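K.L.:
What follows is the residue order along each chain.
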Amino acid sequence: MHPSESAPKTQRYVRSPGALVREGAFGVVVLGTETSDAVTLSGTAAALWDVLADPQTSTAVVDVLAEQFGLAPERVRPDVDSALEQLVQLGALERRA
Amino acid sequence: MTFDTLGTIGSYGLPGAAPVSIGPLGAPEWGSLLRAAVDQRAVPLVAHAAAGGCLETSSAQWDELTSMNEQSMHACVRLERAALEVVWVLRGAGIPHRLLKGAAVAHLDYPDASWRAFGDVDVLVRADRYDDAIHVLERLGGRRRYSEVRPGFDSRWGKGACVVLDRGVQVDVHRSFVAGPFGLTIDLNDLFAVSEAVLLGGVEVDVLSREHRLLHACYHALLGDAPARLVPLRDVAQMALSGTRDWEELWGCASRWHSRAVVARAMHASATAMNVILPEPARSWTVDYVADRFEARSLDAYLGPGRSYARQMAAGVHAVRGLGAKLAYVRSMLAVDADYARRHDGGYRRRVQRAWRAQRSAGAAR
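Protein chains in written order, with numbering that gives the first Met the number 0: chain P, 0 to 96; chain D, 0 to 365.
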């Protein structure tokens, strides 16, 4: 089972206060707390980061992005879950109860 | 691509700046612009100007500029991580400090931190803890880039030292804003009497007050590189034109530090490069202020023909108060560490000769 699939659906994702961030036409450059290499979020990843300006559950993120990109939620969920998990691993996002 | 043209682009976004419309640029001009922007660390400014429609670009040019800006921002967040590591060890050692330039100015004085790139970490430490600061950074794995003129010189009279951490991160540890006379007349206690904070990675980091940041920007723009670099000039205009300033406090501080001429000339240079009109009373300073004898002589060491680090150090003797201190200062410059003299001057005798020539040159200029 994917780690994010085991997370309670009420669990919220928040931007890590320790992450260092820059935004621009390139997307979003993020240096998470658990890595020494910054990553660039672009396209749907940047849109996901934007949704997380406020704490959100994974379901809420899925719903917003699905509507934004005109896709069915079940089509979007696997990519969103994967992205959320990667960003948590990097220390760019945190899970909050 | 002339500096003037890059300066025009670099003024984009300044309150009151004249509307800019440049381009489209052919391949040679575009290449020249990008090289100049990289050299001046102004890629983010150019990118914002392009995004704002003031610099017309082709699709390929836009992609190239965006990619370069992305890399610039990668470097900046890595440097902010390094800055936090430096702040962490300084705090752990109980060493009062202020984060300077770079990250501090980017977050506090620009519309967004993505407007301002930087290439190193600058931190001011209190003079009586200067040596301790160097030692804690050396324990962090850092090494001094240049040897000290003489043991104890930097902590008493120097500007500071460059410490290179692993991964090649350069940390400039400052005792004062500049070397030479204008660095020696600053009342360093003023810089630690007040402070503001910048939030980096969720951590509140101490920085200079708004007025002291603008003063430092003036010192850096005027007395740093020659010719003056674009981003320091932009910093001065950015701070002078944005937000509210306690101009009376700023001018009073410059007066106490015997550096009103530095502020006036820096603001004039910035306003000229950026083609903006400064608010009063800053605008009047640039027009009306006349340097006094000390300022004129000192400025010549930084800006005049034959300017050099040696001339600045020689001119510094006029800023040192008290005969005993002056003698100690001169003795320190002459009786340098043998290794320093060998590496910088080719030997002690040549060092004395250079110092003598520098002082004679300064005297002839008066």
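Please note: incorrect hints may appear among the correct ones.
Short, incomplete list of chain P residues facing chain D, as computed with Cβ under 7 Å [what the hints assert, rightly or not]:
#1 Pro16
#2 Gly17
#3 Leu19
#4 Arg21
#5 Gly23
#6 Ala24
#7 Leu30
#8 Ala37
#9 Thr39
#10 Val50
#11 Phe68
Cβ-to-Cβ under 8 Å is the rule here; a few derived chain P residues that face chain D [what the hints assert, rightly or not]:
#12 Phe25
#13 Val63
#14 Asp78
#15 Ala82
None of these hints come from the bench; they were simulated from the model.
Bear in mind the structure is a predicted one, so any value in this text is a computation, not a measurement.
Even for Gly, the Cβ is constructed at its ideal location relative to N, Cα and C.
K.L.:
Decide, hint by hint, whether the structure agrees.
P.N.:
Hints versus structure:
1. Pro16: 3 Å, holds
2. Gly17: Holds. Min distance 5 Å.
3. Leu19: For leucine 19/P, the interface hint holds, since the closest Cβ of chain D sits about 4 Å away, which is under 7 Å.
4. Arg21: 4 Å, holds
5. Gly23: Holds - the Cβ of glycine 23/P comes within 7 Å of chain D, reaching about 5 Å at its closest.
6. Ala24: With a closest approach of 5 Å, the alanine 24/P hint holds.
7. Leu30: 4 Å, holds
8. Ala37: 5 Å, holds
9. Thr39: Nearest chain D Cβ about 6 Å off; hint holds.
10. Val50: Where the cut-off is 7 Å and the nearest Cβ of chain D is about 20 Å from valine 50/P, the hint is violated.
11. Phe68: 22 Å, violated
12. Phe25: Given a least distance of 4 Å, the restraint on phenylalanine 25/P holds.
13. Val63: 24 Å, violated
14. Asp78: The hint is violated - aspartate 78/P has no Cβ within 8 Å of chain D, the shortest such distance being about 22 Å.
15. Ala82: Violated - the Cβ of alanine 82/P stays beyond 8 Å from chain D, reaching only about 19 Å at its closest.
Hint compliance for this structure: hints 10, 11, 13, 14 and 15 are broken, all remaining hints hold.
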